[in-house]
Amino acid sequence: MTSIARPMPRSIKAYVRTVDAVNHAVGSVVMYLALVMMALLLFGSLTRYVFNVPFVWIIEMAQFMMAAYYILGGGYSMQIDAHVRMDVLYERWRPKTRAFMDSITAFFMVFYLSVMVYGGWSSSAYSLKYNQTNYSAWAPPMAPIKIIMTVGIALMLLQAISIFFKDIAKFTGREIA
Amino acid sequence: MSYEAIAVLMFSTFMLLLLTGQRVFGAIGFVAAAFALALWGEGAIEMPFASTITLLNWYPMLTLPMFIYMGYMLSESGIASDLYRMFHVWTGPMRGGLAVGTILLMVAISAMNGLSVAGMAIGATIAMPELLKRGYDKIMVTGVIQAGSTLGIMIPPSVVLVLYGMIARQPVGQLWLAGVVPGLLLATLFILYIVIRCHFQPHLGPPLPLEERQQITWSEKLRLLRAGILPLLIIFSMTGLFVMGVTSMVESSAVGALAATLVAFFNGRITAQVMKDTLRKSLAVSAMFMWIILAALAFGAVFDGLGAVNAIEVLFLEKWGLEPWQVLVLMQLSYIVMGTFLDDTAMLIIVAPLYVPLVIALGFNPIWYGILYTITCQIAYVTPPFGYNLFLMRAMAPKEVTLIDIYKSIIPFVLIMLVGLALVIIFPQIALWLPNQVYGS
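Protein sequences, first through last, are from chains A and B. To convert, count from 1 in the first sequence and add 11; that's the working numbering. To convert, count from 1 in the second sequence and add 127; that's the working numbering.
Hints in this document: simulated from the structure, not taken from any laboratory. Keep in mind the model is a prediction, meaning the values are calculated, not measured. Heads up, the beta-carbon is just placed ideally off N, CA and C, and yes, glycines get one too. Misleading hints may appear alongside valid ones.
As the list claims (entries may be wrong) - Label-pair restraints from in silico Cβ distances:
| hint | chain 1 | residue 1 | chain 2 | residue 2 | range |
| --- | --- | --- | --- | --- | --- |
| 1 | B | GLY567 | A | PRO65 | 23 to 33 Å |
| 2 | A | ARG28 | B | PRO451 | 55 to 65 Å |
| 3 | A | SER147 | B | ILE487 | 25 to 35 Å |
Put together the whole structure using the sequences plus the hints.
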C-alpha cells in the first residue's frame, strides 16, 4: 500500500476507547458475581439443611444476580469475541473480508439489541409506574433488575457499535487505536 | 401469506444470516425481533425483552455459570493428570489398554462436568502425547479422544440437557438421570470396539512393554488408586447429595464448583492470576450461552405465536399418512444431516420450537427425546465439515495429527453412536428406567 491511510476521526476513536474501557471495567467487576452466586447458593443449602431455616429470598436473589451477571457481562464477552459464529465460510475468508462482512451484518445485531433496549426501557417504566413485584413468595420489586438489565443491554449495543467502527477501520486499513 | 410460508421464511432467513458468520445470537435475535414487529406491529416490541424475564425465573439456569466455572477449575486442578496416570498403570498392560483407560478418564471427567470441552482439552493435552509416544495408532487415538469427550454432554451433570430442559420446558433432574445409562452404554460400546479391534490388530494399541511395567511397583500402583478418590468425592458431593435430596440440583452445582476450587487450592494450583483467568473465561462463556438462549426463546415465542407446529403435524400424519415412529425416525435423520452443518446451540434453536411440540403431540416422552437429542448433538460435535470438537482437536492436538487424520478417526465412533441412538430409540427404557426408579413413573 502506497497511500497513507487516513486515521479514523478523533471522535470515533474516543468513542471506541471509552466504550471498550467501560465494558472492560464492568466485565472485570461482574465476573466476581460467579463467586457471589456460589456463596449464596451454598449458604442457602446450609441454612435450610443444617439449621432448617429456609430463606425464600435466596433463590430469587441468585437468579437476579445471574441475570445481572450475563447481561452486564455481555458487552465484555463481545469485546473479546467470545460469541460463537457459524464459521463454515467465515473461517476461510481473509481478515479484511471478515471485517467487511461483519460491518454489514452488524446491522442485524444492532437492530436486535435496539429492540431489546427499547423493550427493556418500556418494561422498566411499567414496573416503576405500577410497583410491579415478582410473582413469588418473596415478591421483590421488578424495577431494579429490569433497569440493570436494560443498562447491560445498552452497554452491549454501544459495544456492538464500537466493534462496527473497528471493523470499518480494519477493512479500510485505517488506524483506530 | 400462510403461516407455514412465514415459518419457512423465518428458518431460511435464519440459516442465511448464519452463513454470513455473524454471531449466532445476533442472527437469531434479529429474525425474532424483525418477524415479531412485521407480524404483530408495535405491540410486539417488548417481546424479545420478555424472554429475559422467562430466563430470570427459570431456576435450573443457575447451574450453567456454576458448571462452566467448575470446568475451568477442574482443568486447573491437576486432578486429570493424576487420574490419567492411574488408568495408565492399571489398564496399560492389556492390548489397547491405554485407549480404554482414556475412555474411562473421559467418563470420570464427564461425571464432574457438563461440557465436552473439558474432556477434549484434557484428552488432547494429557492423554494424547502419552498414547502416541507408546506407539498407539494416531487415527485410533484421535477418534478415542473425540468420541470420549462427547460423553461430557450426556453423563450428568450435562449443560446441553439444562438448555434442552429450558426450551422444551422439561424437569432437568429427570433429564440428567435419563442420561446416565445411555452415557455408560455408549462408553461401554466404545470400549468394546477398542478391545476387539486391538485384539485383532495389536499394532494399533500395543500393551505397555514389560520393562516399563516392571518399573512400576505395587506400592505405586496402590498410591495411584488414591488419585481416583478425589473425583469420586467431587462426584458424590454433587450428584450424590442431589440424588439423596440433601441439596437441590442448583445447589449441587455450587457444591461442585466449590469442591473443584478446594481441590485446586490444596494441590497448590491457585494463584491470583489463575483465579482471574478462570472468572473471566467463565463470564465470557456464560454470557455467550445465555445470549443464544435469550435469542432462541424470543424466536420460539414468535414461532409459537404462528401455530405452525400444528400445521406440520397435520401434514405428516394426515396428508402423508405417516406413523408416529416414522415421523420420529425422519426427524432424527434430518437432524443428523443438519448436525453436520450446524453446531448444537443452533440445532437447539431449530429443535425447540419445531420438534419438541411435535414429539409431544405424537405421544412420545419428551424426557426420552432429550436423550435422543443429546446423542445427536454428540454426533454433530464430531462430524465434519463443522463440529466444535473437530476444530478444538485441530487446535490442541500435536502437529503430526492432520485434519484428514481427524476426519478419518471419527468414522467408527460415529457408527457406534448411531448404534447407540438406534438402541435408545428401540428400547426407551435405557433412558427412562433410572428416572422412573427415582421419581416414579
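Can you name, in rising order, the numbers of the hints this structure does not satisfy? Of the numbered hints given earlier, the structure breaks none, since each of them holds.
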